[in-house]
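Below are the chains, spelled out letter by letter.
There are 2 protein chains.
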Amino acid sequence: MTVINFSKINYKKKRDRVYYKSVTGKDSQICLMKLEKGEKTDHSHENEQLGYVVSGEVDVFIGNETYTLKPGDAYYIPGNTRHGFHVKTENPVEYIEVFTPPKPDNVY
Amino acid sequence: MTVINFSKINYKKKRDRVYYKSVTGKDSQICLMKLEKGEKTDHSHENEQLGYVVSGEVDVFIGNETYTLKPGDAYYIPGNTRHGFHVKTENPVEYIEVFTPPKPDNVY
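Protein sequence lines, in the order shown, are assigned to chains A and B.
Per my numbering, residue 1 is the first one in the first sequence, and the count goes up by one each step.
Per my numbering, residue 109 is the first one in the second sequence, and the count goes up by one each step.
With the rest of the complex left out, here is chain A:
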């Protein structure tokens, strides 16, 4: 399957406040994430991560830098770099996450 209409498939629940849709290739993976108010992460992984905010707003820290991301903002998180997302707004944030290599726990 090479085309997936994200708007016609349901989000899968990853855990409380975190939902995803994704397409997984051989070397990389594109996810549409939905994070709800209160979600706050702090971790690192070997996978390189790129992204783009579709709707809503989210605070992100990448290493020692902190940003508020809004629709149209893109970001890059090198592999093995501590980072986290924090949703402070009432509305959820929807954003693209790209992982290289793919993350098994994000396969749809």
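Simulated from the structure, these hints should not be mistaken for laboratory data.
The C-beta atom is built at its ideal place from N, Cα and C for all residues, glycine as well.
The reader is advised that the hints may include incorrect statements.
Pairs of lysine-lysine, DSS-like flavour, derived with a Cα cap of 25 Å [to be verified]:
no., chain 1, residue 1, chain 2, residue 2
1, B, K178, A, K12
2, A, K103, A, K26
3, A, K40, A, K88
4, A, K8, B, K178
Residues from chain B that face chain A, not an exhaustive set, calculated with beta carbons under 10 Å [unchecked claim]:
no., residue
5, V111
6, Y183
7, I185
8, P186
9, P209
Covered by chain A, according to a simulated footprint, are these stretches of chain B (three or more residues, beta-carbon under 8 Å) [said to hold, decoys possible]:
no., segment
10, 112-120
11, 137-144
12, 154-161
13, 164-175
14, 196-208
Given the structure of chain A, go ahead and fit chain B onto it with the hints provided.
Chain B in isolation, oriented as in the chain A frame:
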């Protein structure tokens, strides 16, 4: 620079009818592309490609399959697979392209 506000930077012209903004990592690259009416491509490259349509509409063929992509649609093009995009609408299409590994000609 780990965050780039695409909405605050200008598109760069790649060629007639094709414009881009991008963030390039070590292993992968995320591009926001804008293609104008009449743009039609037919090529293949070793880079794996994933994407997501932000606005507008575009026809794509991937191998022997053809689709019309609209906002919210995602796609996957394996490396070394013939594919092409064709814009038939008056309005341009804007969509995310992710390349693994990065494409030098898409570095912003």
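Status of the hints after comparison with the structure:
no.	hint	result
1	B/K178 to A/K12	21 Å, holds
2	A/K103 to A/K26	11 Å, holds
3	A/K40 to A/K88	9 Å, holds
4	A/K8 to B/K178	11 Å, holds
5	V111	5 Å, holds
6	Y183	5 Å, holds
7	I185	7 Å, holds
8	P186	7 Å, holds
9	P209	8 Å, holds
10	112-120	holds (count 4)
11	137-144	holds (count 3)
12	154-161	holds (count 4)
13	164-175	holds (count 5)
14	196-208	holds (count 3)
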